[in-house]
Amino acid sequence: MSPTMCLAIPALVLSIDGDSAKADVGGIQRRIGIMLTPQVKVGDYVLLHTGYSISILKPEEAEKTLAVFRELAELSEIR
Amino acid sequence: MRFVDEFRDATLARTIARRITAVSTRPVQLMEFCGSHTHALLRYGIRDMLPPTITMRSGPGCPVCVTSTRDIDLAVAIAMAPNTIMATYGDLIRVPGTHGSLERARAQGADVRVVYSALDAIAIAREHPGTQTVLAGIGFETTAPTVAAAIVEASRAGIRNFRVLSLLKLTPPVMSALMALGEIRIDGILCPGHVSVIIGTEPYRTIPVRFGVGCVVAGFEPVDMLRAIELLVQQVEAGSPAVENAYERAVSENGNEVARALMQRVFQPCDAEWRGLGPVPSSGLGLRPEYAEFDALTAYHPDLEPSLEPAGCRCGDVLRGSAQPHECPLFGSGCTPDYPVGPCMVSHEGACAAHFSYFPGA
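Heads up: the protein sequence lines correspond to chains A and B, in order.
If you read the first sequence in the working numbering, its first letter stands for residue 1, the second for the next number, and so on.
If you read the second sequence in the working numbering, its first letter stands for residue 80, the second for the next number, and so on.
Pulled out of the complex, with its shape left as it was, chain A reads as follows (with noise of 0.2 Å):
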């Protein structure tokens, strides 16, 4: 598939080496450009966009995001 413009994916960041990190992108190994988010730590699950991490995702927003419809999916089962 060719990469379409504004896709960006999670990939896990394993070790990082200057401008540049070893990452997972859904279990391949990838270098990637990590000069747009220089403060990224090893562990971290960031947005891949052409080559370059843009975002270091929050995993606490997200599981905030899902408990909340988690919850509202419980109460609609119940009625």
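Quick caveat, the hints were computed from the structure, so don't treat them as lab data.
Honestly, I wouldn't trust all of these hints.
Unchecked claim - Below, in silico cross-link-like pairs of lysine to aspartate or glutamate (DMTMM-like), each with a Cα-Cα straight-line distance of 20 Å or less:
#, chain 1, residue 1, chain 2, residue 2
1, A, Lys64, B, Asp84
2, A, Lys58, A, Asp44
3, A, Lys22, A, Asp44
4, A, Lys22, B, Glu309
5, A, Lys41, A, Asp19
6, A, Lys41, A, Glu60
7, A, Lys22, B, Asp199
8, A, Lys58, B, Asp350
9, A, Lys58, A, Glu74
10, A, Lys41, A, Glu71
11, A, Lys41, A, Asp24
12, A, Lys58, A, Asp24
13, A, Lys64, B, Glu332
14, A, Lys64, B, Glu232
15, A, Lys41, A, Asp17
16, A, Lys64, B, Glu316
17, A, Lys41, B, Glu336
18, A, Lys64, B, Asp88
19, A, Lys58, B, Glu336
20, A, Lys58, B, Glu332
21, A, Lys58, B, Glu327
22, A, Lys58, B, Asp84
23, A, Lys64, B, Glu323
24, A, Lys58, B, Glu85
25, A, Lys64, A, Glu74
26, A, Lys64, B, Glu309
Got chain A sorted already, so can you dock chain B onto it with the hints?
Showing chain B alone in chain A's frame:
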């Protein structure tokens, strides 16, 4: 994949869809600005989960699609110049210009290569020191910082045979231009998640104030998009348009400040030509004079004939949301993904290609 699979949960998606149906009393027309949203809305059947009160219209958020015929012609002319390698992202290579696409230029002997990243274009320049490598830089704020990073890297590494044809474009100016046009009624905008990763939510603030239209930033999984649609419908029902963020795990109010600083270091706003919208002031990014040696436009000055738009193609109308893909007379007959006439049928993010993939007979 973590951060993806959880947001594709069918039970959660159905729960939100039911909530939307419960709250939606009046007809609303929402625009998904981003082509990846168009694609995802169709791919996951989200349009079919929405109540009949809600209509989704595609917007101009497909970089390949909004690149004008004139800019395609420019890229083709540069690719045909001697001693030049043209590096391009994915689908751009197939967009027809006045005298054919970059793909056709390649068939005629031009060295045109598809790259995944601006870093790949730099690697090509390194491998071919006697040749100019030109990256056809398309994209929005998501991509612009990566191109800026590549230019800074080339500058630092002393690579003098790498240049960028900047066709980069900015989201907020065109969003305002489209709303000011007022061609179709839009009650809310599903804002592009990955553009917002960079710019944050702040730049959308003027849209509800100036146009009374709400802006909700959305991710690209079904739960993300449905949540954003729910927020927009709630805003319309309450009569209180606002800027909200439904992609909190990736987007903050201020966006990625490092990325924006890099973008501003290398680029400055310039007027840009949009397919379907024409020239929009300060809606593009050109290289700053300090980086002129990396600007393709300082090295190449091709004489271009007047550009001709493909006959019968309604991409322009589709990009403004004023026509649905199947309303184009060419859709599915004279224009298909295998033999595209206009860019909206070429790009994976194009509304015509997405509609053709999921509803070929529509």
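A quick look at each hint next to the structure:
1. A/Lys64 to B/Asp84: This hinted pair holds, its Cα atoms lying about 16 Å apart.
2. A/Lys58 to A/Asp44: OK: A/Lys58 and A/Asp44 at ~9 Å, within 20 Å.
3. A/Lys22 to A/Asp44: This hinted pair holds, its Cα atoms lying about 12 Å apart.
4. A/Lys22 to B/Glu309: Roughly 38 Å between the alpha carbons, so the hint for A/Lys22 and B/Glu309 is violated.
5. A/Lys41 to A/Asp19: Roughly 12 Å between the alpha carbons, so the hint for A/Lys41 and A/Asp19 holds.
6. A/Lys41 to A/Glu60: holds, 16 Å
7. A/Lys22 to B/Asp199: Distance ~16 Å between A/Lys22 and B/Asp199 Cα, so the pair holds.
8. A/Lys58 to B/Asp350: violated, 36 Å
9. A/Lys58 to A/Glu74: Answer violated: A/Lys58 to A/Glu74 is near 25 Å, above 20 Å.
10. A/Lys41 to A/Glu71: violated, 32 Å
11. A/Lys41 to A/Asp24: Holds, at roughly 14 Å.
12. A/Lys58 to A/Asp24: Roughly 17 Å between the alpha carbons, so the hint for A/Lys58 and A/Asp24 holds.
13. A/Lys64 to B/Glu332: holds, 17 Å
14. A/Lys64 to B/Glu232: violated, 38 Å
15. A/Lys41 to A/Asp17: holds, 11 Å
16. A/Lys64 to B/Glu316: violated, 25 Å
17. A/Lys41 to B/Glu336: This hinted pair holds, its Cα atoms lying about 18 Å apart.
18. A/Lys64 to B/Asp88: Since the Cα atoms of A/Lys64 and B/Asp88 sit roughly 15 Å apart, the hinted pair holds (cutoff 20 Å).
19. A/Lys58 to B/Glu336: Since the Cα atoms of A/Lys58 and B/Glu336 sit roughly 16 Å apart, the hinted pair holds (cutoff 20 Å).
20. A/Lys58 to B/Glu332: holds, 14 Å
21. A/Lys58 to B/Glu327: Given pair A/Lys58, B/Glu327 holds - Cα atoms ~8 Å apart, limit 20 Å.
22. A/Lys58 to B/Asp84: holds, 16 Å
23. A/Lys64 to B/Glu323: holds, 16 Å
24. A/Lys58 to B/Glu85: holds, 14 Å
25. A/Lys64 to A/Glu74: OK: A/Lys64 and A/Glu74 at ~16 Å, within 20 Å.
26. A/Lys64 to B/Glu309: Holds, at roughly 17 Å.
Going down the numbered hints, you'll see the structure goes against 4, 8, 9, 10, 14 and 16, while the others check out.
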